[in-house]
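Student: Sequence:
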Amino acid sequence: MDDVLTAEQGRSLLRLARQTIAGRLGSESETVDVTDSAFDAEYGTFVTLKIKGVLRGCIGNLLPSESVATGVKRNAISAAFHDSRFAPLTTAEFEDVEIDISVLSHPQTLEYQDGADLVSKLRPGIDGVILNPGGVRATFLPQVWEQLPAPELFLGHLCRKAGLADTAWKNSHPDIEIYQVQCFKEEEV
0 MDDVLTAEQG RSLLRLARQT IAGRLGSESE TVDVTDSAFD AEYGTFVTLK IKGVLRGCIG
60 NLLPSESVAT GVKRNAISAA FHDSRFAPLT TAEFEDVEID ISVLSHPQTL EYQDGADLVS
120 KLRPGIDGVI LNPGGVRATF LPQVWEQLPA PELFLGHLCR KAGLADTAWK NSHPDIEIYQ
180 VQCFKEEEV
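Okay, so the sequence shown: first residue is 0 according to numbering that gives the first Met the number 0, each after it adds one.
The set of hints was computed from the structure by calculation and includes no laboratory data.
Honestly, I wouldn't trust all of these hints.
[As the list claims (entries may be wrong)] Heads up, simulated EDC-like pairs for lysine to aspartate or glutamate below, C-alpha to C-alpha not over 20 Å straight-line:
1. LYS120 with ASP174
2. LYS120 with GLU145
3. LYS51 with ASP82
4. LYS160 with GLU176
5. LYS120 with GLU176
6. LYS184 with ASP116
7. LYS49 with GLU97
8. LYS51 with ASP1
9. LYS49 with ASP116
10. LYS49 with ASP82
11. LYS160 with ASP82
12. LYS184 with GLU145
13. LYS49 with GLU145
Keep in mind the model is a prediction, meaning the values are calculated, not measured.
Kindly produce the complete structure, drawing on both the sequences and the hints.
Tutor: Quick look at the structure:
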């Protein structure tokens, strides 16, 4: 994905996410200026929270439905307090939270013939994948390739996330879409 935001704009979004969560926890924090017109563009966004490198929440929207700034604020709250895999974030935990923000390209359908063809067309570390076997959708951001570098393992875990058998990606030919992200991480900016 071509960069749609600068590193400085990414830092502003990270500060916005942190400020939004802090406000919900009742803490004061700096006000972040998001008047730059780049923040009005509509893209899908994800906010990922980690503590000591371990996932603590991740929520987002795959399709653009609001401005980047609005999406980051909404998804920061959702990742911190409404990710069903975790209890709501506490003030004590917030001190240790590392925030990542992903700005997504528009998903594109990936045409493939069979499981081997699908594996050959995926670009580990570049493509985020949306699996849609009909009625249920699941996605992994491109960053998940760091933990699951083999395409077969990546796809198997994605099927499991969707509530399917690990081999559904090669046995039932689900619809697959791919997207790329521009990722901003607090420890890198």
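Student: All hints are to be evaluated individually against the structure, with a verdict given for each.
Tutor: Hints and how they fare:
1. Between LYS120 and ASP174 the CA atoms are separated by roughly 14 Å; this keeps the pair inside 20 Å, and the hint holds.
2. Under the criterion of a C-alpha separation no larger than 20 Å, the hint pairing LYS120 with GLU145 is consistent with the structure, at around 18 Å.
3. Distance hint between LYS51 and ASP82 is fulfilled; the C-alpha atoms sit about 18 Å from each other, no more than 20 Å.
4. For the suggested pair LYS160 and GLU176, the alpha carbons sit about 16 Å apart, so the restraint of at most 20 Å is met.
5. Proximity of LYS120 to GLU176 is assessed by CA-CA distance (about 11 Å); at most 20 Å being required, the pair is judged to hold.
6. For the hint pairing LYS184 with ASP116, the CA-to-CA distance comes to about 33 Å; that exceeds 20 Å, so the pair is violated.
7. With a C-alpha separation of about 5 Å, the suggested pairing of LYS49 with GLU97 holds against the 20 Å cut-off.
8. For the hint pairing LYS51 with ASP1, the CA-to-CA distance comes to about 29 Å; that exceeds 20 Å, so the pair is violated.
9. For the proposed pair LYS49 and ASP116, the alpha carbon gap of about 34 Å is over 20 Å, so the pair is violated.
10. A distance of roughly 13 Å separates the Cα atoms of LYS49 and ASP82; the hinted pair therefore holds under the 20 Å criterion.
11. Restraint check: the Cα-Cα separation between LYS160 and ASP82 comes to about 14 Å, which is no more than 20 Å; the hinted pair holds.
12. Distance restraint check for LYS184 and GLU145: the Cα-Cα separation of roughly 15 Å lies within the 20 Å cut-off, and the hinted pair is therefore satisfied.
13. Pair hint LYS49 plus GLU145 holds up; C-alpha atoms about 15 Å apart against a cutoff of 20 Å.
Checked against the numbered hints above, the structure breaks hints 6, 8 and 9 and satisfies the rest.
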